[in-house]
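Colleague: Below, each chain spelled out in residue letters.
Protein chains: 2
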Amino acid sequence: MQIAGEMLIGQAAVKGSAGQMKATDPARNIEIEPAFGMATAADLQRACELAAQAFDSYRETALEKRAQFLEQVAQNILDLGPQLIERAMQESGLPQARLEGERGRTVNQLRLFAKVVRDGLFLGATLDSALPERVPPRSDLRMRKIGVGPVAVFGASNFPLAFSVAGGDTASALAAGCPVVVKAHPAHLGTSELVGKAIQKAVADCGLHEGVFSLVIGDVQIGGDLVAHPAIKAVGFTGSRGGGLALVRIAQARKEPIPVYAEMASINPVFLLPGALKTGAARIAQGFADSLTMGSGQFCTNPGLLVALEGPELNEFAAAAAAAVQAKPSTTMLTPGIHQSYEAGVGKLSALDKVELLAQGGAGSTACAAQPHLYSTDVETFLATPALEDENFGPSSVLVRCRTAADLRRVAEHVEGQLTSTVHATADDREIAAGLLPALERKAGRILFNGFPTGVEVAHAMVHGGPFPSTSDPRTTSVGATAIDRFLRPVCYQDAPEWALPSTLANDNPQKVPRVIDGTIQPGA
Amino acid sequence: MQIAGEMLIGQAAVKGSAGQMKATDPARNIEIEPAFGMATAADLQRACELAAQAFDSYRETALEKRAQFLEQVAQNILDLGPQLIERAMQESGLPQARLEGERGRTVNQLRLFAKVVRDGLFLGATLDSALPERVPPRSDLRMRKIGVGPVAVFGASNFPLAFSVAGGDTASALAAGCPVVVKAHPAHLGTSELVGKAIQKAVADCGLHEGVFSLVIGDVQIGGDLVAHPAIKAVGFTGSRGGGLALVRIAQARKEPIPVYAEMASINPVFLLPGALKTGAARIAQGFADSLTMGSGQFCTNPGLLVALEGPELNEFAAAAAAAVQAKPSTTMLTPGIHQSYEAGVGKLSALDKVELLAQGGAGSTACAAQPHLYSTDVETFLATPALEDENFGPSSVLVRCRTAADLRRVAEHVEGQLTSTVHATADDREIAAGLLPALERKAGRILFNGFPTGVEVAHAMVHGGPFPSTSDPRTTSVGATAIDRFLRPVCYQDAPEWALPSTLANDNPQKVPRVIDGTIQPGA
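For the record, the sequence lines run as chains H and R.
For the first sequence, UniProt numbering assigns the number 525 to the last residue and increments by one with no breaks.
For the second sequence, UniProt numbering assigns the number 525 to the last residue and increments by one with no breaks.
Simulated from the structure, these hints should not be mistaken for lab results.
One or more of the hints may lead you astray.
As the list claims (entries may be wrong) - Cβ-Cβ distance ranges computed for the label pairs, FRET-style:
1) R:S341 to H:N108: 39 to 47 Å
2) H:Q522 to R:P136: 34 to 42 Å
3) H:T404 to R:Q83: 27 to 35 Å
4) H:A387 to R:D79: 55 to 63 Å
Claimed, not checked - No more than 25 Å apart at the CA atoms, straight line, and that leaves these computed lysine-lysine pairs for DSS-like:
5) R:K255 to H:K348
6) H:K115 to H:K65
7) H:K255 to H:K65
8) R:K22 to H:K255
9) H:K255 to R:K201
10) H:K348 to H:K328
Stated by the list, open to error - Per the computed footprint, the stretches of chain H lying under chain R, defined by three or more beta-carbons under 8 Å from a beta-carbon of chain R, are:
11) 38-50
12) 431-444
Backbone N, C-alpha and C define an ideal beta-carbon position, used for all residues, glycine too.
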C-alpha cells in the first residue's frame, strides 16, 4: 500500500493543506518521505461533525455487530503484512521482534474488547421492578451505560501500534460505542496512516456510519483545537506530564468541560527487601537491568527508583546491578527530542550532590542512542532532592539506600502517585512489607511482587493507571478490560414503554447481558 | 439533646473560635439560637489529619462490619426522635410530613448502602489466572476497587437530611471505605449538629478510628480550604452552578487535582406529545402543578421547562395548567437568599419580550414565601433567549409552544445537559418520541415516561446525574446504589503471595463477593 501522506476523514482520504510534516528516522536522524499534509480548521471540523453524526447510530449497534467490527479492525491490521512492521521500525528505531510483538498485543487488545462487548457486563444493566402497591408507588427503573460521545485519542510515541491509532484508547472507546477522532503522533505518521486505513476499511466492511473513525494530522495547535471542539466528549492521551496537563487545561476551559484520561509520569518504585535479596541478589539485579533497558527504557512502567535497606545483601545487589547495566548496550531512542531530554536528564542527575553514578552502559553508535545509567544515593538526599523524583524517560534509575524499615516507609509516603509499585519480598520480609503496603496502595494502581513493572498484560484484572501525576484520573485504567469504563455514562429509563426500551434492558434480554435485577447480579448467558 | 453550637472533630466536640454564625428561621426571617463557632485553620487541619489517619484501617474493614456501621448510623438518626424533625422544620421552613419522609429516605439510603457493601459487587473483584506455560508467561493478576481516600462533603440546603450530613454523598463515601469530612450547610446548623452526633456515636459504637467522620462549621473560605487540603481526595457537592464550579476550580488548582462531584443546575425539560395530551390534558396539568410546587419548587429535578406542539390539546393543557398553578398557595423557601434569587428570577422572566405570564399562585403570608409562576413563549423566542434556559430555583416554569416535530427536536438539541428529561407519550406518539430519544439520552441522566421528574427513588438503577452543567461529571450518579462508584479506584495485585492479598481477592473468597474470574462473572453467594 502506498503511504500517501493523507488524513482520513470518515471514508475520505484528504491531503491537508495547512503545512507539511515528515516523520524522522531516529537511528540516522533523517526525515522520511512522504510529506504529510496538516489539517485545516475545516478538516478538523468535518472529522468532528462526522463523529457527532455517527454517534446516535453507532452507540446502538447490537453488541455482536460491534464486536465483529473490532475483530475486523484486528484482521485488517494483520492484513497490512510486513509493510507495517518495516515502516514502524524505520519511524521508531524499535527492533522487528518488539514491533511484531506489539502488533500481536494490539490485535489481542481489539479481540479482548470484542469479548468485553459480547459479554455485556460493561453496560452495568440494572433493573428495579415497579412496586405499584407501595406508598408512594415505585416506578419501573432500568439503567444501562452508553458511550459518552465522540472521543479524541492522542497516540503515544513509545508504542506506535499498541498505544496509538488502533491502541488501547481507540479500542476501548470504540467498544464503548464512541466514535473516535485520532490525532496521529508526528513521530510515526506513516505507521498511523497504514493503521488508520485498516480501521477506515473495517468501518466500510461492517457498514457503519463513516464518522465512526477519523485520523487527523497536525501540530500541537490542532491537538488543542480537537480537545476544544464541542463534539468531543472525552480525551485519551499517553505522553508527558506537560502534554497531558495542557490538554486537561483546554478540556477544563471549555464551555462544557470534559474528562481527559492522560497517562503521564511515573518512576515506578521497586522496594527490595532483605529476605528477597538474600535469596538471589544477582538474579534480581539481572531482572532489573533487563527491565530498565527494555525498549531503550521508554516504558511508562520503567523501574526508575530502587529502594533497599543497607546491608551485605544490598552491596551484593548493587555490584551485580552495576555489572548488569554496564553490560547493556546503548540503543536508539524514539525521536531526537526524546533523546535530547534523556541526555539532559542524566546530565542533571550526574551533577547532583551526594548522588553517585554506579554504572553506565555501552556507548552508542546510532544518532539517538541512549546509554543506560544507574545512580545511587542515601535516603536523606532522596527526600531532600525533588529532582530525583522527576521521571527521566529512558534507561535511567536511582538506587536509594535506607537504614531502617521506617526509612522505607518514608520513601513510600514521600513519592507522588505512580502507575506501579513493586515489592521484592519473601515470607521473612512479611512484617516490613505489611508496613509498606497501605502506602503503596494509596500511591499506585498496580502492586507487583517479586517481578518488574515493565510488561503490562492486557487482561481483565489489569490496572494501568494511578494517582496524580501518573495519570490525570486515578479512577480508571488505560489497559485491560475495564478501560472501557472511561468512556461510558449511565442513563436511567423510568417507566419506559416497551417500544422505547433499549434491547439490553428489555424483559426478554435478547442480547443475554448480565444484569443486576432488584439488587442481585444475574449472569446473562 | 442540647444543641451546643459545636463542630465534631473525630470524637471531640469543639466550639470553633474563628467567628460565629447562626441558622435562620425563613418563615419569620429571624436568627435561631445557639451561635455556632466557626472552624480555625487548626480545626480544619485536625479533621483532615484524622481522616487521613483513619483511611488505612477503615478501608480494610470487613464488609459486614462496614455494613453494620452504616446501619448503626441509620439507627442513631432514628433515635434522635422528634427533636431532629422540629429543628429541621424551624431551620428549613419545610413541613413536618416532608421532613419525616426525608428522614425515612435518609435512613433507607444508609441501609441500601449497607446492602451494597455486603453484596460486594462494587469492589469489581476480578481475577485472571497465571498462565505459566504461555510464552511469555502470564502473571497472576487480581484487581479490586478501594476508596479514593478522605472525602469532603458539602450539605445541600434543599434536603437538610437526605442530601446533607448523613445524605447520599456521605453514605456512599463511607460505603466505599472513605473517611468523610462534612462542611455543615449554614442554613441548617442545628440539624447538622444533631445528625453529626448520630454519626459520631456510630463511629464509637462500632469501634472505628475516630477520624472516619468529622463535621466542620464555617464560611465559604473554610469550604475552599477543605477542598484544597492535601488529605482530601474527592468532593461531593449539591448546590448552585456558581458554588459547584468554584469548588471544581479549587480542586483543579491543587498540586494533586481531585475529582469534584457537583450536582448543579437543571431545568428538566418535559415534552408533552399530542397523543398523551389527548388522553388527559387536565390530569397531566394537575400532575405538573403538583410537581412544580412540591417543596416550594426547591428540587434539583423541578420541571422548569414544558415543550409541546400547538393544537387544541395544548390549549386545553395550558388552560388547565394555569388553573392548577393559580390554585397553588405560596410556601416558605429555605433561606432569605434563595427567596431573593427566586424573586429576581421571576422578575427577569416577567420582563422578557414575547414571554407571557400564564399564571401565578396565591400570594404569600410568610417572610420567604414563593409564589408559583408559569410562563409561555414560542419556540423561536426560546431558542434566541438564553435567559429562558437559566435555572430559576423555585416553583417557576416556562411552556414552549412548537409548531412541528422538528421544533421539538431543535429544543431537545438546544438545551444544555440535564438531570432528567421527560416524555409524555402514547403509542400514537411513537414516531415523534423516537425522533427525540437519541438527543434526550445524550443530554440527560434519566429519561421518564408519562410522569414527573421530582421524586428521585433511592434504588439500584437510579441515575441522578447528567451532562454539564447539570453535574460536573456525567459519568456518575449521586443517588442510588452506583453512587458508591464515585469514591473508588482500582488496584491490581500482581503475583501477590497469599499473605499479602486482600481477603476479597483470596482464593477461598471468604467474604463471598461476586468476582469476574478469567472473564466470566461469578455471583458470590
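Colleague: All hints, please: hold or fail.
Modeller: Right, here's what the structure says about each hint:
At about 56 Å, the beta-carbon gap between S341 of chain R and N108 of chain H misses the expected band of 39 to 47 Å. Distance hint check for Q522 of chain H and P136 of chain R: the Cβ-Cβ separation is about 37 Å, which falls inside the suggested range of 34 to 42 Å. Evaluation of the 27 to 35 Å hint for T404 of chain H and Q83 of chain R yields a failure: the beta carbon distance comes to about 53 Å. A C-beta distance of roughly 56 Å is found between A387 of chain H and D79 of chain R, which places it inside the suggested range of 55 to 63 Å.
For a cut-off of 25 Å, the pair hint linking K255 of chain R to K348 of chain H stands: about 24 Å separates their Cα positions. Taking the CA atoms of K115 of chain H and K65 of chain H, the gap is about 12 Å. The hint holds against a cut of 25 Å. With a C-alpha separation of about 35 Å, the suggested pair K255 of chain H and K65 of chain H falls outside the 25 Å cut-off, and the hint is violated. With a C-alpha separation of about 37 Å, the suggested pair K22 of chain R and K255 of chain H falls outside the 25 Å cut-off, and the hint is violated.
The suggested pairing of K255 of chain H with K201 of chain R is violated, with an alpha-carbon distance near 44 Å, which exceeds 25 Å. Restraint check: the Cα-Cα separation between K348 of chain H and K328 of chain H comes to about 22 Å, which is no more than 25 Å; the hinted pair holds. Three residues within the 8 Å Cβ limit are the bar, and the region 38-50 of chain H against chain R gives 0, so the coverage statement is violated. Chain R is given as covering the region 431-444 of chain H, and this holds because 7 residues of the stretch bring a CB closer than 8 Å to a CB of that chain, at least three being needed.
Of the numbered hints given earlier, the model fails hints 1, 3, 7, 8, 9, 11; all others are met.
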